[in-house]
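Novice: Next come the chains, spelled out residue by residue.
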Amino acid sequence: MSSFYTVVQIFLIVSMVNIAAWLYAPRNQALRAKKSITVFRSTFILTTSMMFLMWAITYLSQLHPLVEPRRSDLRVEQKI
Amino acid sequence: MSSSTPLLSGSEYTTVSASNGNNSGSTYINPDNDASIEALLRPEDPDYFEEEGMFRSEVMSLIEICTPQEQVKELCYKLGNFGKLQFIPKKEKISESNPAKTLYNDEIKALGNLLRQYDFFNDLLKEYNVQIISDSNDSYMFDSFYTPKANEIEKLISSANEYESKFNEIQDSLEELNLKYNNLLEEKLAIENLSVLFKPDLTEHDSNEVTGMTITDRANTSQSKNFITGTIPRSKMAVMEKLCWRMTRGNLYLTNLPIENEKLPAGTNNELVDKNCFVLFVYGEVTLNKCMKVIESLDGNIINLPVSYVEQQSLHHKLVENLKEISQLIKTSTVMIQQDLDLISMELPSWKKTVNKEYKVYKSLQGWTINQTTATTQAWIPSSSLPDFSKDQHTVITVLDFDKKSPPTYHKTNKFTQAFQDICDCYGIAKYREINAGLPTIVTFPFMFAIMFGDLGHGILLSLVAFMLVYNEKKLGRMERDEIFDMAYSGRYILLLMGLFSCFTGFVYNDIFSKTLTLFKSGWTWENGKALSTGTTYAIGLDFNWHGTENGLLFSNSLKMKLSILMGFIHMTYSYMFSLVNYINEKSMIDILGNFIPGLVFMQSIFGYLSLCIVYKWSVDWIKDGKPAPGLLNMLINMFLSPGNIEAELYPHQAKVQIVLLILALICVPCLLLIKPIHFKLTHKEVEHSLEDAHGDENQEEEDDDDEGHGESFGDVFIHQVIHTIEFCLNCVSHTASYLRLWALSLAHAQLSDVLWTMTLNIGLQAGKDGVSALSVFMLVLLFGMWFVLTVLVLVVMEGTSAMLHSLRLHWVESMSKFFVGEGIPYEPFKFD
Numbered sequence: 362m363s364s365f366y367t368v369v370q371i372f373l374i375v376s377m378v379n380i381a382a383w384l385y386a387p388r389n390q391a392l393r394a395k396k397s398i399t400v401f402r403s404t405f406i407l408t409t410s411m412m413f414l415m416w417a418i419t420y421l422s423q424l425h426p427l428v429e430p431r432r433s434d435l436r437v438e439q440k441i
Numbered sequence: 026m027s028s029s030t031p032l033l034s035g036s037e038y039t040t041v042s043a044s045n046g047n048n049s050g051s052t053y054i055n056p057d058n059d060a061s062i063e064a065l066l067r068p069e070d071p072d073y074f075e076e077e078g079m080f081r082s083e084v085m086s087l088i089e090i091c092t093p094q095e096q097v098k099e100l101c102y103k104l105g106n107f108g109k110l111q112f113i114p115k116k117e118k119i120s121e122s123n124p125a126k127t128l129y130n131d132e133i134k135a136l137g138n139l140l141r142q143y144d145f146f147n148d149l150l151k152e153y154n155v156q157i158i159s160d161s162n163d164s165y166m167f168d169s170f171y172t173p174k175a176n177e178i179e180k181l182i183s184s185a186n187e188y189e190s191k192f193n194e195i196q197d198s199l200e201e202l203n204l205k206y207n208n209l210l211e212e213k214l215a216i217e218n219l220s221v222l223f224k225p226d227l228t229e230h231d232s233n234e235v236t237g238m239t240i241t242d243r244a245n246t247s248q249s250k251n252f253i254t255g256t257i258p259r260s261k262m263a264v265m266e267k268l269c270w271r272m273t274r275g276n277l278y279l280t281n282l283p284i285e286n287e288k289l290p291a292g293t294n295n296e297l298v299d300k301n302c303f304v305l306f307v308y309g310e311v312t313l314n315k316c317m318k319v320i321e322s323l324d325g326n327i328i329n330l331p332v333s334y335v336e337q338q339s340l341h342h343k344l345v346e347n348l349k350e351i352s353q354l355i356k357t358s359t360v361m362i363q364q365d366l367d368l369i370s371m372e373l374p375s376w377k378k379t380v381n382k383e384y385k386v387y388k389s390l391q392g393w394t395i396n397q398t399t400a401t402t403q404a405w406i407p408s409s410s411l412p413d414f415s416k417d418q419h420t421v422i423t424v425l426d427f428d429k430k431s432p433p434t435y436h437k438t439n440k441f442t443q444a445f446q447d448i449c450d451c452y453g454i455a456k457y458r459e460i461n462a463g464l465p466t467i468v469t470f471p472f473m474f475a476i477m478f479g480d481l482g483h484g485i486l487l488s489l490v491a492f493m494l495v496y497n498e499k500k501l502g503r504m505e506r507d508e509i510f511d512m513a514y515s516g517r518y519i520l521l522l523m524g525l526f527s528c529f530t531g532f533v534y535n536d537i538f539s540k541t542l543t544l545f546k547s548g549w550t551w552e553n554g555k556a557l558s559t560g561t562t563y564a565i566g567l568d569f570n571w572h573g574t575e576n577g578l579l580f581s582n583s584l585k586m587k588l589s590i591l592m593g594f595i596h597m598t599y600s601y602m603f604s605l606v607n608y609i610n611e612k613s614m615i616d617i618l619g620n621f622i623p624g625l626v627f628m629q630s631i632f633g634y635l636s637l638c639i640v641y642k643w644s645v646d647w648i649k650d651g652k653p654a655p656g657l658l659n660m661l662i663n664m665f666l667s668p669g670n671i672e673a674e675l676y677p678h679q680a681k682v683q684i685v686l687l688i689l690a691l692i693c694v695p696c697l698l699l700i701k702p703i704h705f706k707l708t709h710k711e712v713e714h715s716l717e718d719a720h721g722d723e724n725q726e727e728e729d730d731d732d733e734g735h736g737e738s739f740g741d742v743f744i745h746q747v748i749h750t751i752e753f754c755l756n757c758v759s760h761t762a763s764y765l766r767l768w769a770l771s772l773a774h775a776q777l778s779d780v781l782w783t784m785t786l787n788i789g790l791q792a793g794k795d796g797v798s799a800l801s802v803f804m805l806v807l808l809f810g811m812w813f814v815l816t817v818l819v820l821v822v823m824e825g826t827s828a829m830l831h832s833l834r835l836h837w838v839e840s841m842s843k844f845f846v847g848e849g850i851p852y853e854p855f856k857f858d
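So the sequence lines, in the order shown, correspond to chains A and B.
If you want this note's numbering, it's the 1-based position in the first sequence plus 361.
If you want this note's numbering, it's the 1-based position in the second sequence plus 25.
Because the hints were derived from the structure by calculation, they are not lab data.
Fair warning: there could be bad hints in the mix.
[Said to hold, decoys possible] Derived coverage of chain A by chain B (criterion: at least 3 residues anywhere in the stretch with Cβ under 8 Å from a Cβ of chain B; other residues may be distant):
id : segment
1  : 373-383
2  : 399-405
3  : 427-433
[Unchecked claim] For each label pair, taking beta carbons as the anchor points, the in silico distance ranges come out as:
id : chain 1 : residue 1 : chain 2 : residue 2 : range
4  : A       : Ser364    : B       : Ile671    : 40 to 48 Å
5  : A       : Phe372    : B       : Tyr676    : 17 to 25 Å
6  : B       : Ile850    : A       : Val378    : 37 to 45 Å
7  : A       : Val378    : B       : Thr708    : 32 to 40 Å
Note that the structure is predicted; figures quoted are calculated from it, not measured.
From the three backbone atoms N, C-alpha and C, an ideal C-beta is built for every residue, glycine too.
My request is simple: use the sequences and hints to build the entire structure.
Specialist: Given below as structure tokens:
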């Protein structure tokens, strides 16, 4: 269920969102926000990309675990 | 200025002309034909200018303004209101012969003095607590298009002089009166206190048991005066007692009484302190004089007191009369000064505004070249404002080209981007039209901070504070802020983003105040004390089952280390790509070939390969495949030390790939080192040959001098490139290592918050485990308070500051060194506040 392709899929989704954000960046003429279109595009795309990277790295690191968690403070349940 | 095109026919003065000369500075300012001048002033695509100003600095135009001499001051007022022009400072050479510099010196001096006087009045207003009545909207003085006439300024100067001399006089006399008053008061209080000791009917009770004598007895024993009376600061009483004791070898009698309810001036700067009055009896004229000197050196006042009680009373009466008179005088003077200040308080803000403007105008006038009939100056203006400008100003404007002068860097910021821009400007002003580092910083700075500050709880606290600052920004903006609060206020949007990103990273680290969230299906189940994989992967973030385990720290360490290497590598590559965009913008092919590509290949073939391997290793299920997972650190080390030797194979043909990559990296070093200097040598030779053909051999020496005069010689280029190569290759290694601070700080943050939890709140929670008692409730409340205060102070404020500084460093050094050129001139337009 979980595999490397999950990351690829999410990457594609994030890319699509970013492309949409680039194309449909708000051009509010009334607010004279036109000049901040660059700021919006850069900020939005960088934010989603970095959040994706952060998530992807933690996800990938747990995808195929090489070690399992160990704890000695657990009591073994006695089944009767 | 070969062509001149009348553009705006509405004004008879306005002509705009531009040169046909070759302009290397900018492609847009440089018109190839007359039609493009029109395009310059009326851009066909209105988006063009409006979208700029953040990614790159604004396109600037160099203009020359020419106006009749008598209108120059009026024009300056207009320009100040327009507020977009940056005058070019004149070179010293010209200014020496320029009469303008000396022409306006007197005016500037007078206005500077006037401003100083206004500051003085302002201080006085504060001293006497007179409310300054600011901003009356109807006042014509505030009309931004109002130009004061010369006699108005003269009137202001004379009235300010009058007021100043008046205030100074009154203040001097007040000071004198106050001193007098205090001295008399001191004497009066001393008599009041000491006369108790001299009262005749008290003599029997107030006898000294050791010597058996009363004070009046003592005073009367000798014909000559054998006692000193006076006052001394209370803090110095003990010292005086000791010193006099030593001087007289204990042969003295000293009594002192504190003067209650009054502070009196002491010392050279007349500070108000508590004082004591004293009577000191000693034997002999010599010791008496010595003691007097001691007392004087200790800031004591010697007050001559008549011996008899009756005389003392009459003296006291006289003093009281004098005090009354003086206090009356003080009152009238204060009323006088206050009346004048009331008058001033209404006018002062508008005066100040007028004079400030006038002062600025005269300062800017010094930059003009003024002759008999006309005044000219050169100035920078953002090209986007040029149409507006030429519409408004009825003057002759000429657009010049700029080959050698470099235009100022103007980034159009708003309240959101300003703080981020300031971060980058702090490091250096970007070169004209180079990529603005402030734009990506908006996200990368807070995000790098958040990687080090990853805790959902702390992130929420930080965002709440920042949100409060942003929400109340108008109210807080009007408030007077101290230095530290002002820093937080001006960086409120940075704080907000830092807080929000910390929430996200904290969520990914699955840390909330060092505890975990259990939102998604875990990848592990516990059976018989052992963890079994469920086959799923925790959807977002770190699996909560790792929390509190023995090897949880090992796991999160390995994750955070790889995270910081990957993030660092991506951040550096991202920044490095900007240098490509810069080179393309400058159309410098040689920099792409000789700098960008070898550098990129070098970086990618070592660290790009490492990053790829990290991701590849994660994506392969090693346990299922039954292969040992290779250590990546050893792999990278062996790649250099014994190429072609693979201990544990990561993927097939690994040895060959690694050798190819190593060779690629090694080839890139000489490429980086040599391509640019060789190219320079070649192009340089061409120039030399062409010159030689033209001038013949004998001129060769002259040419060499000329070339050096132009700046760069082959040696310069070569040395520069050697330094760049060494720096770049070493920096690739050290900067990647430097990103490990992300790991170290996030680890420290997580551990510190964990320790704080166990040391405080956990104890409180454990106390109520065996049944709730009053003590356990009290402990929980107390420890919660402690935990919360320490969380805010240590974890949010202190750790936050340190993480912010580290993030700042990552941007200034690791990121900006990859593309930032700098050495720009800041854009400081001439405008009124």
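Novice: With a C-beta cutoff of 8 Å, work out whether three or more residues of the segment 399-405 of chain A approach chain B closely enough for the coverage to hold.
Specialist: Holds: 4 residues of the segment 399-405 of chain A have a Cβ under 8 Å from chain B.
Novice: For the segment 373-383 of chain A, do three or more residues have a beta carbon lying closer than 8 Å to a beta carbon of chain B?
Specialist: violated (count 0)
Novice: Does 32 to 40 Å hold as the CB distance between Val378 of chain A and Thr708 of chain B, or does it fail?
Specialist: violated (47 Å)
Novice: How about the segment 427-433 of chain A: do at least three of its residues have a C-beta closer than 8 Å to a C-beta of chain B?
Specialist: Held - the segment 427-433 of chain A has 7 residues with a Cβ nearer than 8 Å to chain B, which meets the minimum of three.
Novice: Could you tell me whether the CB distance from Ser364 of chain A to Ile671 of chain B stays inside 40 to 48 Å?
Specialist: Because 27 Å falls outside the window, the suggested range is violated.
Novice: Does the beta carbon distance between Phe372 of chain A and Tyr676 of chain B stay inside 17 to 25 Å, or does it fall outside?
Specialist: Roughly 21 Å apart at Cβ, these two residues keep to the hinted range, so it holds.
Novice: Please test the hint of 37 to 45 Å on the beta carbon pair from Ile850 of chain B and Val378 of chain A.
Specialist: holds (40 Å)
Hint compliance for this structure: hints 1, 4, 7 are broken, all remaining hints hold.
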